[in-house]
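Protein chains in written order, with full-length UniProt numbering: chain P, 1 to 310; chain F, 1 to 253.
Don't take each hint at face value.
Simulated restraints on C-beta separations [stated by the list, open to error]:
no. : chain 1 : residue 1 : chain 2 : residue 2 : range
1   : F       : S31       : P       : Q9        : 15 to 25 Å
2   : P       : H29       : F       : S27       : 53 to 63 Å
3   : F       : G52       : P       : D129      : 50 to 60 Å
4   : F       : R189      : P       : Y15       : 15 to 25 Å
5   : F       : G137      : P       : R14       : 50 to 60 Å
6   : P       : K179      : F       : L176      : 26 to 36 Å
7   : F       : S42       : P       : Y15       : 16 to 26 Å
8   : P       : R14       : F       : L26       : 44 to 54 Å
9   : F       : V20       : P       : A219      : 18 to 28 Å
10  : F       : V20       : P       : D72       : 52 to 62 Å
11  : P       : R223      : F       : G87       : 34 to 44 Å
Hints are computed from structural coordinates only; laboratory data are not their basis.
Source: prediction; values computed, not measured.
From the three backbone atoms N, C-alpha and C, an ideal C-beta is built for every residue, glycine too.
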Amino acid sequence: MSVPALELQGLSKRYGEFTALHTVDLTIHPGEIFALLGPNGAGKTTMIGSVCGLVKKSSGSIRVFGKDLDQDPVGPRYDIGLVPQEINFDPFFTVAESLRIQLGFYGRPANEARIDEVLTALNLHAKKDAYTRALSGGMKRRLLIAKALVHKPRLVFLDEPTAGVDVELRRDLWTYVRKLASEGTTIVLTTHYLEEAEELADRVGIINEGRLLMVEDKATLLRRFGERRVIITFEQPQPGLSEAGKRFAARLSEDGRTLTYVERDGCAPSGELLRALYAEGQLISDVETRRSRMEDVLIEILRGRPQQAA
Amino acid sequence: MNVLGMKTLLAKEVRRFMRVPGQTVLSPLISTTLYFIVFGVSISGRVQTVEGVPYLHFIVPGLVFLGIANNAFLNSSSSLFITKIQGTVVDLLVAPLGPGELMAGFIGGAMVRGLVVGLLTWAVATFFTGFSLEHAGVAAYFLILSSYVFSVLGMLAAVWAEKFEQINFFPTFVMLPLTFLGGVFYSVRELPAPWNTVSLFNPMVYMVEGLRYGMLGRSIYSPLGAGSILFAVAVGATALTYAVLRSGYKMKA
Chain P
1 MSVPALELQG LSKRYGEFTA LHTVDLTIHP GEIFALLGPN GAGKTTMIGS
51 VCGLVKKSSG SIRVFGKDLD QDPVGPRYDI GLVPQEINFD PFFTVAESLR
101 IQLGFYGRPA NEARIDEVLT ALNLHAKKDA YTRALSGGMK RRLLIAKALV
151 HKPRLVFLDE PTAGVDVELR RDLWTYVRKL ASEGTTIVLT THYLEEAEEL
201 ADRVGIINEG RLLMVEDKAT LLRRFGERRV IITFEQPQPG LSEAGKRFAA
251 RLSEDGRTLT YVERDGCAPS GELLRALYAE GQLISDVETR RSRMEDVLIE
301 ILRGRPQQAA
Chain F
1 MNVLGMKTLL AKEVRRFMRV PGQTVLSPLI STTLYFIVFG VSISGRVQTV
51 EGVPYLHFIV PGLVFLGIAN NAFLNSSSSL FITKIQGTVV DLLVAPLGPG
101 ELMAGFIGGA MVRGLVVGLL TWAVATFFTG FSLEHAGVAA YFLILSSYVF
151 SVLGMLAAVW AEKFEQINFF PTFVMLPLTF LGGVFYSVRE LPAPWNTVSL
201 FNPMVYMVEG LRYGMLGRSI YSPLGAGSIL FAVAVGATAL TYAVLRSGYK
251 MKA
């Protein structure tokens, strides 16, 4: 079995009386896209900061590609790239200079081909020789991403990489993240755009109040905690809930025109309800399904459903 | 050891201050030259010699030292402090740069600026006094080690400071008084008691006197003693800064 890209064991961070991370255990596999979800102040940035050398952990261990950060706090950082949450830039330098400096910090000589590749992928090449202070907010965000990736790290942390940016950048970044992952780069993503996690992630970790509540494959998570709402419209209003409707615990609208069935993992499939309705002779004019999204799942879990389900 | 990382940080620091030479080199050069003209030229009419040296010549080593100390300190302190304020310190902390590499980069850059300003000040002074270098090795030792010490101290101040007011605390309330009381414009031996004794505890006195010996061949202290004190200060400041950076004090949450 391959060495995990990241292994956290009992990772805790305390600020005086306040505990920002409670003994977090987490293993992230090479080449996967892992989304870390949670509300503001949940501990996502603290967790990432502990790995990236921005936060001093209180206890526990961190291994990056098998190397323990306590034994070698600097060496594993050659393999790490971080897109921080807050935009920062050094106004004295141009975009290209900033990337050359970044390469140098990681012990790599200036590589114009690599700089061009990253800038092109992030649609920033036209600003290669512009001073960073002259960039717009979205372009500064693109530069942050370029800086985190230019040295070809094997483990990339994207901490809210698309916060406050336009759809175009989000799409550019998603495309590039997928490309990186397909080439073997491990991506850890935190985001408030749950659509982003749903779109990109292989696995999802949900954190709240410093506790990692669950880690699950995205598809499994959506299946376990997600639900499908099936809305059946009848040709004629129904005077009351039919036997089939009662058996499936469906809900009839007040006007009797629509029947709503919530299908969760473990429930009877909606097809059975439809067959039962046909058998009763009900005339159906329309069937609409609404699948819950990551956002609904997150809200469910933060409200406490994981304990019931787990 | 990340040698390329260290070199990159050093080159970045030098390029940073060279991007604004009016502010980082020309401005301090003019200030120090004004000291020379105002104090030197005006007082030298009344004070002929100090410690057997013409007054105008006497103040040159102190003013060169002043240029080195102020600019070395200002460069490392402002550069590192600004990275903290503007958030680019993240780039340094995430990158594989240990305390040694960070110190080499910031200190190297600050030493270059301190020495550039100090040597330009010296060049300006030679127009008034002519060139004098009695002991080149001693002068080089004090020039280089003084710039090193103040670069290290600037870095330490930047780590500690959280506000602009705090970063200005050291140059205003520590360096300025110690420099002006450090025998730049007068001989501390001529001070009345107890100030001549108090001055013995001011490390800047030894830096100025050591440089004075190297440039003019005259000093009230032996260059060996002054050099040893400077070396001890350098070792102490280095050890403290390394330990502070390694601990992550005020750099990491």
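Quick check: does the Cβ-Cβ distance between G137 (chain F) and R14 (chain P) fall within 50 to 60 Å?
holds, 54 Å
Is the hinted range of 44 to 54 Å satisfied by the C-beta distance from R14 (chain P) to L26 (chain F)?
Roughly 50 Å apart at Cβ, these two residues keep to the hinted range, so it holds.
Are H29 (chain P) and S27 (chain F) spaced within 53 to 63 Å by their CB atoms?
The hint (53 to 63 Å, Cβ to Cβ) holds, given that H29 (chain P) and S27 (chain F) are roughly 55 Å apart.
With 15 to 25 Å as the target window, see if S31 (chain F) and Q9 (chain P) comply at their CB atoms.
violated, 56 Å
52 to 62 Å was suggested as the range; check whether the CB atoms of V20 (chain F) and D72 (chain P) agree with it.
violated, 38 Å
Is the distance from the Cβ of K179 (chain P) to the Cβ of L176 (chain F) consistent with 26 to 36 Å?
violated, 56 Å
Outcome of range test on Cβ distance (S42 (chain F), Y15 (chain P); 16 to 26 Å)
violated, 57 Å
Confirm or reject the claim that R223 (chain P) and G87 (chain F) have a C-beta distance inside 34 to 44 Å.
The hinted range 34 to 44 Å holds for R223 (chain P) and G87 (chain F), with Cβ atoms some 40 Å apart.
Assessment of proposed distance window 50 to 60 Å (beta carbons of G52 (chain F), D129 (chain P))
Given a distance of about 58 Å, which is inside 50 to 60 Å, the answer is holds.
R189 (chain F) paired with Y15 (chain P), Cβ distance criterion 15 to 25 Å:
violated, 53 Å
Verify the CB-CB distance for V20 (chain F) and A219 (chain P) against the hinted window 18 to 28 Å.
violated, 55 Å
Consistency note: the structure conflicts with the earlier hints numbered 1, 4, 6, 7, 9, 10.
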